[in-house]
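*Asks:* With the hints as a guide, bring the two chains together.
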Amino acid sequence: MRRGRLSTQGRAAPVLLALVTLVVIAVLAAACGSSTSGGSSPSPSASAAVGVLPSPTPGSSITVVYHYPAPPKAVLAQFTALTGVKVNWVEVGWDNLQTKIAAAATSNTYFADLTDVDWSKVGQYYKTKWFTPLNQYFDVAALKTDMPQIDTFASNNQQLAMPFDSSFTVSTLNTKISKAAGVTATPTTLTGYTNALNQIKTKGTVPNPLDIPFAAAEGLSTYWYQTTAAFGGQVLDANYNPLFTQPSSPGYKALQWMVNAYKTGLVPKANIGVTDYQGFTSEMAQGRVASVFSDYAGTVGSVYNVPSTSKVVGQVQYVPTPGASGPAQNLANPDGIGIPVTAKNVAGALAFIKWFTDTQQQAVWAGLKGPSDVISGFPLPARVSSLQLLTGKVAGAAELTSLLKTSRAVFPGPGAPPWYSQFSNAVYTNIHQAAAGAETVQQAVTNIASQVTQLKAGS
Amino acid sequence: MSGESITAGRKRPRKRGRFLPYILLSPLVVFIGALALYPTIVTTVQAFFTVNPLNPPTRFAGLANFRALWHNPFVRQSAANTVLYIVVGVGLSTLFGLVIALVLQRRSHWRGIILALVVLPWALPAVVEAVIWGWIYDPTFGVLNSVLKSLGVINTYHVWVGIGRVVSIVLIELVQVWQITPLAALLILAALQSIPQELYEAARVDGAGRWEMFKRITLPLIRPGLAVAMVESLILTLNVFDQVYVLNGFAPGGASIMLQTYQISFNNLNFGQGYALSLLATFATMLLSLLILAVVYRRVEF
Chain A
1 MRRGRLSTQG RAAPVLLALV TLVVIAVLAA ACGSSTSGGS SPSPSASAAV
51 GVLPSPTPGS SITVVYHYPA PPKAVLAQFT ALTGVKVNWV EVGWDNLQTK
101 IAAAATSNTY FADLTDVDWS KVGQYYKTKW FTPLNQYFDV AALKTDMPQI
151 DTFASNNQQL AMPFDSSFTV STLNTKISKA AGVTATPTTL TGYTNALNQI
201 KTKGTVPNPL DIPFAAAEGL STYWYQTTAA FGGQVLDANY NPLFTQPSSP
251 GYKALQWMVN AYKTGLVPKA NIGVTDYQGF TSEMAQGRVA SVFSDYAGTV
301 GSVYNVPSTS KVVGQVQYVP TPGASGPAQN LANPDGIGIP VTAKNVAGAL
351 AFIKWFTDTQ QQAVWAGLKG PSDVISGFPL PARVSSLQLL TGKVAGAAEL
401 TSLLKTSRAV FPGPGAPPWY SQFSNAVYTN IHQAAAGAET VQQAVTNIAS
451 QVTQLKAGS
Chain B
1 MSGESITAGR KRPRKRGRFL PYILLSPLVV FIGALALYPT IVTTVQAFFT
51 VNPLNPPTRF AGLANFRALW HNPFVRQSAA NTVLYIVVGV GLSTLFGLVI
101 ALVLQRRSHW RGIILALVVL PWALPAVVEA VIWGWIYDPT FGVLNSVLKS
151 LGVINTYHVW VGIGRVVSIV LIELVQVWQI TPLAALLILA ALQSIPQELY
201 EAARVDGAGR WEMFKRITLP LIRPGLAVAM VESLILTLNV FDQVYVLNGF
251 APGGASIMLQ TYQISFNNLN FGQGYALSLL ATFATMLLSL LILAVVYRRV
301 EF
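Protein sequences appear in the order of chains A and B. Under the working numbering, the first residue of the first sequence carries the number 1, and numbering increases by one thereafter. Under the working numbering, the first residue of the second sequence carries the number 1, and numbering increases by one thereafter.
Next up, chain B with everything else stripped away, as it sits in the complex (with noise of 0.2 Å):
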């Protein structure tokens, strides 16, 4: 008897923790659940059939969905446009995030600040700092125009967004840039500080320059951060809407793909179409995110 009422007694706390984690983990499961993976099977399913208010009923279309899209000259222009802002933005954020993250790496009074001061463009919206770039490049009375002309760069006044496609890209991408770059200095911050200094004194030790120390120690112990980093960057490019919609409407010279999928969802109400174009910019994500991984991310054990 007693043999037998000990063994169930501990059995029953055994039995409770087995599925303590399970419970403990449900709320997230279900949360993530909810708001990732059910959307991301409703919009892979959705994406073959034409979904369509203005054409009803919702019906199987195959890969005619895909097929609209790749004969639709704005969305070929758009990923194009957005090749563009990734390229200028992932390049961008991690050049200035890893200058950023080298200043910051050095012991200072002024860290904290410099700190602080980095991270707010980070900590604003991303319509309040195209607003705010809206002043700057304001044709009319705009800072940009102003200093170019008082150091005598220009002679007049120029209309920065919306003419030229190129340099509207650039200018709309920089004001991401200065959005997203401070995470990008975390994440190499973070790989930074993880390099053991005694890789430096040992070098120092057989000579090295600080140059030579960078490229031999630094830039190969933090490429698991700066592909992070790089990764971080890639999707928020590739997302890119709201600055191009506050700073170049739905201009197609600077539209990007995510601008493209809100109007054939939204303006033409094509969600079939829009579906189609979300899956393809997501298998871009996954993509391009494993090709930097590929070429980037090296495993570094100290």
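One chain only, chain A, in its complex shape (with noise of 0.2 Å):
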């Protein structure tokens, strides 16, 4: 009786344990899995008309996660001045943010009021439904002269962000470098541009005059875009469609030259290890490398001609996109800001992206009242209205300015296709494969269009 009495009481005790462990982990899967947003916002039908806004709760706080570092304190503080909402600025790199963007909304937890929409995960944002649609704060319509890119960040007439900046495409090229190797006028036709990289090569001026960032990373699919938008076409139709499989296809010219460009030395054989910004800071700004075909706007001022990290002050140059016959047109890829379906205070996320994309505000951001006010890395101002109050104190603004008028989004019309993610890894991948010899430019082209079949089936 004793050892049975004693038995059942030792069982009792681990079936209590382990009752009370499966109700914690209940508990805590519950608070994992459960919405944080509500509290003091209010909701997003409060507006009343477009453009009006709802006003921010006085010492609440917001929380930006973004991939840019935080613009000085000084001038976060005249936000919380003018709104009384407090600003808390979380720097994480992009690849780092893209993932706790995904992990954070597919658990429905609360991460951030207001963080990065990139222009390539608007299709996939717009299909998850992970960000608030600003159309009923903004009047998007009465702002797209003003921000040519705004349009960008809209799937299925939802605008899911607002431009947090403007970026576009551009052609750089060293002067000084290309003028050493007797290239007197800028070229403004591919064939031009690669008969002048070659005399650049010949004349040994610099081994390698041409950067491609080959990594396996996104930078060298939107290289190829730029280039295949060069040859005069694009990579997807309106319908999704591959159109670079023919061989006389722009997209499939493209992606040639690229490799051919590796392979024949036009790019150095270390590329294929460098990511875009690597490519700009540490091929370009070292003045190993003459030309960056598809650069960034915005990198003569915030690197080439920074003497702290670039030995190419003063040498580089914007020059216009050679195309196919004549200049070629700009591909946009801008950041953006949106609001994620769990923040917390939609109300005070709304009035920082009013104050941030404000024409005085994104003017400053890239250095409208001098250096100390700028946000470190800042592109170009969303704003064309912006870029007008730079002329004369930035380099090249002028130039960039009718650039940003003229460019063009990646997929016109529809957007960033839902699997936008799973097609620019086809392309890197396989661009980076066909680089590195382990796959022909046929077999690139072949499975990077195996791989549309497949996400437009699945999707």
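Don't take every hint at face value.
Stated by the list, open to error - Stretches of chain A that chain B covers, calculated by requiring three or more beta carbons in the stretch to come under 8 Å of a beta carbon on chain B: (1) 90-103; (2) 339-353; (3) 428-435.
What the hints assert, rightly or not - Think about it this way: if two alpha-carbon atoms lie no more than 27 Å apart in a straight line, the pair counts; the simulated BS3-like pairs of lysine-lysine are: (4) A:K369 with A:K405; (5) A:K393 with A:K86; (6) B:K215 with A:K263; (7) A:K311 with A:K393; (8) A:K354 with A:K100; (9) B:K215 with A:K203; (10) A:K269 with A:K311; (11) A:K179 with A:K369; (12) B:K215 with A:K269; (13) A:K179 with A:K263; (14) B:K149 with A:K201; (15) A:K73 with A:K405.
Rather than coming from a laboratory, the hints here were simulated on the basis of the structure. Predicted model only: the values in this text are computed from it and were never measured. Here a beta-carbon is modelled for each residue, glycine too, at the ideal position from N, C-alpha and C.
*Replies:* This is the structure:
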């Protein structure tokens, strides 16, 4: 009897322990999965008319998680003084930030009140409904003229973010190196551009004059899109069908041109592991290459003309992007700022977007009031009116203003497809493989097209 | 009355005593349950579901995720790459760990300093180490090219990581070996120090040389330590991620199974397949660990 009783009691304790454990785990799981939105914020429908924002609660705070460094504290304090909302700015690298956005959204967990919406993610976010549409808060149609890239953040007429900045691919040339090699006229066609690069290589001014970032990363995909645009086309049509499978197509020619440039030594062999950012800062800024075909707008001022990190100060200029028969269009790749659906302080977040994207403030981020107020690495203001304020104060502001007005989206019309990440993954993986000699250009094209077919079928 | 009160007085502390171990253990059990057991259960269950925010709703998929992984050439390539990472990583870390442990076993004034130096790579974050080794391997200004060229081994600077698959994997794995060897060395050292000196003295009396003593006494008696060190190395190499990501990005030539899991889960948002691949990696870890234990581990009693 005694042993039996003891035995029963002995089992009760572990069972009790197991039950307690399960309850705690269940509570933890429920806590992890619960939405933290709400609080004192008004519901999205609180605003009465387009452009009328709900008033933020004084004394509240917002968390901004972004891949740019925080604006200077003194400037953020101006926003707090204006609205009573305190800003906690958290800087997270771009790649990590995309993972955090996905992880937080899929677990329906509060992550930030404002965060990055990359142009390439808009289709995905439309489908996943991870971001609050902003159409009822901002008059998008009225802003279109002053913010030429605002459409980049719309999918199926839903405005999922406002432009954080403006950015587009441009071509840059080190004029000192090119002139030393006898290249006097700026090439405006791809043939002329290739000849000029070969001339620089032959003269030995720099042994490998062209920067193409061949690391298997997003920058390589972007380079292909821009090169395809330069050859007079685009990679996908409005229904997301591949336009690059025929050898005569611009996409095929662009891929062939890029791989040939690597194999013939126009591009440094080391670039097989170089990302776009490394290309700008390590290759071009150090004078090891003479040109970046698909550079980012703003790099002359923010990278090449910065004496502490550049050896080519005053040598690099924006040049018209060479195309098949003349200057090509430049592709837009701006960053947006949006409100996750799990945000706690929507009113505060909306007030911040309005303040951050204001004409004067956008110019301040790019240097209107001097270097002490800029956001480090900020490419260009999202507004034409802000760029006009900067004319004469920032390198190349006048040229960039006209380029901004004519830049076009990578996927004009429908915007980036929901499966863009997988598509880009296939693009950069196969182009990298083709450059590394692991597959031919034809195989790369076939593999990318096959992936598009699968993605379309699965979407 | 007095008898009853004595009995009651004895029972109360015994009851408290019975529950005390469970109360003391409960925080750990909750911790392990929440951070290991619960995710394992979720992963196992969700591996059989379509979990994809781009393709809602979540629904039962049977073995579809596993079939899709099997037909994915990048998954197959990353699995093959991971086998190479394991072979190089487990082999070299065990070999170097054994050598270092044998050196550390000798009594010397330098032992403490050597031990501290050996342990240093283990203490550094993997990302930091990968960045450091990235500079060493850099094709433009890396130390490796510079040293090899000055020694006359190469004529021109080479691109080490990113071109050849096997070379890339070996060089990336060397970075991890540098990090995990100290752990292997310490585990083997602990096993070495448990061997009674009398065995060596008896062997010396019998005329055994150093190689004979190593082969017939040391090696058989450190097999438990070797097995644990190899299993630890296996787990770490099978999960290699940081070094691959920093040194080779997403290039398929060097992609590991964990990098592929990350890609599938967070880039493609196909969490169902990500769960399935994680589950397969867990099973592979368990099976290979059991294989190592079966081949290497032997119970040792002194």
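*Asks:* Find the hints from earlier in the document that the structure breaks and name them by number, from lowest to highest.
*Replies:* Violated: hints 2, 5, 6, 9, 11, 12, 15.
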